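There are 2 protein chains.
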Amino acid sequence: MGKGKIAAQVCHASLESYHKVLDRGMGIAEKWVQEGQAKIVLKVDSERDLYELYEQVKRTLPCEIIRDAGKTQINPGTATCIGIGPWEEEEIDKFTGKLKLL
Amino acid sequence: MGKGKIAAQVCHASLESYHKVLDRGMGIAEKWVQEGQAKIVLKVDSERDLYELYEQVKRTLPCEIIRDAGKTQINPGTATCIGIGPWEEEEIDKFTGKLKLL
Numbered sequence: 329m330g331k332g333k334i335a336a337q338v339c340h341a342s343l344e345s346y347h348k349v350l351d352r353g354m355g356i357a358e359k360w361v362q363e364g365q366a367k368i369v370l371k372v373d374s375e376r377d378l379y380e381l382y383e384q385v386k387r388t389l390p391c392e393i394i395r396d397a398g399k400t401q402i403n404p405g406t407a408t409c410i411g412i413g414p415w416e417e418e419e420i421d422k423f424t425g426k427l428k429l430l
Numbered sequence: 329m330g331k332g333k334i335a336a337q338v339c340h341a342s343l344e345s346y347h348k349v350l351d352r353g354m355g356i357a358e359k360w361v362q363e364g365q366a367k368i369v370l371k372v373d374s375e376r377d378l379y380e381l382y383e384q385v386k387r388t389l390p391c392e393i394i395r396d397a398g399k400t401q402i403n404p405g406t407a408t409c410i411g412i413g414p415w416e417e418e419e420i421d422k423f424t425g426k427l428k429l430l
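Residue numbers (the working numbering), protein chains in the order written: chain L, 329 to 430; chain B, 329 to 430.
The set of hints was computed from the structure by calculation and includes no laboratory data. Honestly, I wouldn't trust all of these hints.
Claimed, not checked - Label-pair ranges, simulated between beta-carbon atoms:
1. L:Glu380 with B:Thr406: 35 to 43 angstroms
2. B:Ala397 with L:Lys371: 21 to 29 angstroms
3. L:Glu383 with B:Tyr379: 41 to 49 angstroms
4. L:Glu416 with B:Leu427: 32 to 40 angstroms
5. L:Asn403 with B:Gly405: 35 to 43 angstroms
6. L:Lys422 with B:Asp351: 32 to 40 angstroms
7. B:Gly405 with L:Lys371: 39 to 47 angstroms
8. B:Asn403 with L:Thr406: 32 to 40 angstroms
As the list claims (entries may be wrong) - Taking lysine-lysine and the DSS-like style, the derived pairs with C-alpha atoms no more than 27 angstroms apart in a straight line are:
9. B:Lys371 with L:Lys428
10. L:Lys426 with L:Lys399
11. L:Lys359 with B:Lys426
12. B:Lys428 with L:Lys348
13. L:Lys399 with B:Lys386
14. L:Lys422 with L:Lys399
15. B:Lys331 with L:Lys426
16. L:Lys422 with B:Lys359
17. B:Lys348 with B:Lys426
Claimed, not checked - Listed next, the stretches of chain B that the computed footprint assigns to chain L, with coverage defined by at least 3 CB atoms under 8 angstroms from CB atoms of chain L:
18. 343-356
19. 368-379
Source: prediction; values computed, not measured. Glycine included, each C-beta is placed from N, C-alpha and C at the ideal position.
With the sequences and hints as input, model every part of the structure.
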């Protein structure tokens with residue numbers, strides 16, 4: 329994927345996951361927005377790794393996986409990224425701490 | 329900027345602009361979310377071009393400019409991107425129609 333397509337996919341994940349946290353009604357999403365809404369973009373090595381990470385994370389943290397409609401650049405239904413949180417940094421790091429920055 | 333930093337900046341713009349539209353209370357943001365929240369990422373040639381575009385767009389459409397804190401990769405206060413809408417595609421295209429995909 330090109331840079332613009334990557335950015336759009338990450339935006340989908342960011343907004344979907346943000347809404348999940350918002351729907352929990354705990355004030356975490358609002359606090360995150362007020363405090364500068366930190367976002368960190370990490371990479372995995374494969375789509376399989378992405379699915380495995382998602383299966384692990386979703387047991388305990390609000391997150392969302394993005395599958396692309398596949399109109400451009402990649403095949404329909406390909407998982408492109410997951411969004412996690414906003415949530416406690418330490419809790420997210422348990423799953424993502426070993427991943428490198430994209 | 330690297331791909332991950334670009335993606336994070338675009339996410340900031342996307343969420344900020346989304347909130348601006350949401351605050352107008354016209355149902356446009358909610359409709360956009362329900363209908364698949366299309367996002368298109370375009371490029372300009374310079375920071376100056378970005379500011380000029382922002383000055384034009386903000387007169388008529390909900391939009392937001394993102395300035396980076398400059399902790400990594402770029403200087404503090406550098407404008408990295410703007411988010412426009414969600415809004416009527418035709419209205420946005422009046423300003424962005426000649427820009428190329430990132």
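Now the hints, each set against the structure:
| no. | hint | verdict |
| --- | --- | --- |
| 1 | L:Glu380 with B:Thr406: 35 to 43 angstroms | 37 angstroms, holds |
| 2 | B:Ala397 with L:Lys371: 21 to 29 angstroms | 22 angstroms, holds |
| 3 | L:Glu383 with B:Tyr379: 41 to 49 angstroms | 44 angstroms, holds |
| 4 | L:Glu416 with B:Leu427: 32 to 40 angstroms | 39 angstroms, holds |
| 5 | L:Asn403 with B:Gly405: 35 to 43 angstroms | 41 angstroms, holds |
| 6 | L:Lys422 with B:Asp351: 32 to 40 angstroms | 35 angstroms, holds |
| 7 | B:Gly405 with L:Lys371: 39 to 47 angstroms | 28 angstroms, violated |
| 8 | B:Asn403 with L:Thr406: 32 to 40 angstroms | 36 angstroms, holds |
| 9 | B:Lys371 with L:Lys428 | 26 angstroms, holds |
| 10 | L:Lys426 with L:Lys399 | 32 angstroms, violated |
| 11 | L:Lys359 with B:Lys426 | 38 angstroms, violated |
| 12 | B:Lys428 with L:Lys348 | 33 angstroms, violated |
| 13 | L:Lys399 with B:Lys386 | 31 angstroms, violated |
| 14 | L:Lys422 with L:Lys399 | 34 angstroms, violated |
| 15 | B:Lys331 with L:Lys426 | 19 angstroms, holds |
| 16 | L:Lys422 with B:Lys359 | 35 angstroms, violated |
| 17 | B:Lys348 with B:Lys426 | 25 angstroms, holds |
| 18 | 343-356 | holds (count 3) |
| 19 | 368-379 | holds (count 4) |
Of the numbered hints stated above, those contradicted by the structure are hints 7, 10, 11, 12, 13, 14, 16, listed in ascending order.
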